[in-house]
Amino acid sequence: MNPLTGYLLVAALLFAIGLAGALTRRNAILVLIGIELMLNAANLNLIAFWRYGPHPEALTGMMFAIFSIAVAAAEAAVGLGLVISIHRHAHTTDIDQMNRMKG
Amino acid sequence: MSPIFYILAALSVAGALAAVLLKNTVHCALALTAAFAGLALLFLELDAQFAGFVQILVYIGAVAILVVFAILLTRDSETPKDTVYGHNPIIGLVAAAGIFAVLAWAVLQSAAALPHAAASPAAVPAVTVMDIGNALMGRYVLPLEIVALLLTAALIGAVIVAMHEKEGAR
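Those sequence lines, one after another, are chains A and B.
Its first residue numbered 272, the first sequence is counted upward by one per residue in our numbering.
Its first residue numbered 52, the second sequence is counted upward by one per residue in our numbering.
In case anyone wonders, no lab produced these hints; they're calculated from the structure.
Keep in mind the model is a prediction, meaning the values are calculated, not measured.
A hint or two may mislead.
Stated by the list, open to error - Residues from chain B that face chain A, not an exhaustive set, calculated with beta carbons under 7 Å:
| hint | residue |
| --- | --- |
| 1 | PHE94 |
| 2 | ALA99 |
| 3 | GLY112 |
| 4 | VAL114 |
| 5 | LEU124 |
| 6 | PHE151 |
| 7 | ALA164 |
As the list claims (entries may be wrong) - Simulated DEER-style distance windows between Cβ atoms:
| hint | chain 1 | residue 1 | chain 2 | residue 2 | range |
| --- | --- | --- | --- | --- | --- |
| 8 | A | MET372 | B | LEU200 | 26 to 34 Å |
| 9 | A | LYS373 | B | ILE207 | 22 to 30 Å |
| 10 | A | SER339 | B | MET188 | 18 to 26 Å |
| 11 | B | GLU196 | A | HIS362 | 39 to 47 Å |
| 12 | B | VAL77 | A | ALA329 | 40 to 48 Å |
| 13 | B | GLU196 | A | LYS373 | 35 to 43 Å |
| 14 | B | ALA155 | A | HIS362 | 37 to 45 Å |
| 15 | B | LEU201 | A | MET372 | 22 to 30 Å |
Claimed, not checked - Heads up, simulated SDA-like pairs for lysine to any residue below, C-alpha to C-alpha not over 20 Å straight-line:
| hint | chain 1 | residue 1 | chain 2 | residue 2 |
| --- | --- | --- | --- | --- |
| 16 | B | LYS74 | B | LEU124 |
| 17 | B | LYS74 | B | ALA162 |
| 18 | B | LYS74 | A | LEU294 |
| 19 | B | LYS74 | A | GLN368 |
| 20 | A | LYS373 | B | MET214 |
| 21 | A | LYS373 | B | HIS215 |
| 22 | B | LYS74 | A | LYS373 |
Glycine included, every Cβ here is placed at the ideal spot set by N, Cα and C.
Using the sequences and the hints given, assemble the complete structure.
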């Protein structure tokens, strides 16, 4: 098997696992964990294409992955802050019970 | 494909599966850390040393700790013991399986068109951390500044969102 194909398949599997977690879990923190897994799968794709692409010295895929990691860190911080804030208001992290937009 | 790749891929996939399947949220966070570590090792296997160590620092060092903090701060609302899944987990599972099937089909169909289709081990890219630093300070300096601004905004926003709002509660 082509090495790149193997990495792409692993990334697709990780993405599907993260998506399944984000779609099926009730705890908002677990939904965020699923989103993080999906972002990581995308990063693995970027790095794999950088490694086996025609011009690795151009560093395009590497830069995409590094900026993607930074944006994912910002997203995790804001998302978990939101979860803590909602928990303080509604005393729940169950997304099925988060059905009001008023505080 | 080297056996190391299979071991690391199995570690990452097993960690990810445990992270979304386990009932105890603290166990989920630990499994998530294992998945992040497996991905970092996959990055190292791909000769992306900088990305691998950034993955360890940012994800295992920061994001996993944030997740554990959030879990422990919201601990008193422990999910009911009957189920940890939403109303219709089957629909979510079917959607995820369908997306994986489409992605895997696309990857396998386009295998011949991928770079280095001859399965020859590509030459290790001669990219050092100095090259990455030069690129970040040269060609990619504007995105770097924008990311710095975004991180500052996210830091302030996260603090404001999570801050106490009631009088006297600060």
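Here is what the structure says about each hint:
1. PHE94: With a minimum Cβ separation of about 6 Å from chain A (threshold 7 Å), the hint on PHE94(B) holds.
2. ALA99: Holds - the Cβ of ALA99(B) comes within 7 Å of chain A, reaching about 5 Å at its closest.
3. GLY112: violated (10 Å)
4. VAL114: holds (5 Å)
5. LEU124: Holds, about 6 Å.
6. PHE151: holds (3 Å)
7. ALA164: Hint on ALA164(B): violated, closest Cβ of chain A at ~11 Å, above 7 Å.
8. MET372(A) - LEU200(B): 26 to 34 Å: holds (29 Å)
9. LYS373(A) - ILE207(B): 22 to 30 Å: This hint holds: roughly 25 Å between Cβ atoms.
10. SER339(A) - MET188(B): 18 to 26 Å: Given range 18 to 26 Å: holds, Cβ gap about 19 Å.
11. GLU196(B) - HIS362(A): 39 to 47 Å: Given range 39 to 47 Å: holds, Cβ gap about 41 Å.
12. VAL77(B) - ALA329(A): 40 to 48 Å: holds (42 Å)
13. GLU196(B) - LYS373(A): 35 to 43 Å: Hint holds: Cβ distance 38 Å, inside 35 to 43 Å.
14. ALA155(B) - HIS362(A): 37 to 45 Å: For HIS362(A) against ALA155(B), whose Cβ atoms are near 42 Å apart, the range 37 to 45 Å holds.
15. LEU201(B) - MET372(A): 22 to 30 Å: holds (26 Å)
16. LYS74(B) - LEU124(B): holds (18 Å)
17. LYS74(B) - ALA162(B): Answer violated: LYS74(B) to ALA162(B) is near 38 Å, above 20 Å.
18. LYS74(B) - LEU294(A): holds (16 Å)
19. LYS74(B) - GLN368(A): Distance of about 19 Å is within 20 Å: holds.
20. LYS373(A) - MET214(B): holds (17 Å)
21. LYS373(A) - HIS215(B): holds (17 Å)
22. LYS74(B) - LYS373(A): Distance of about 30 Å is beyond 20 Å: violated.
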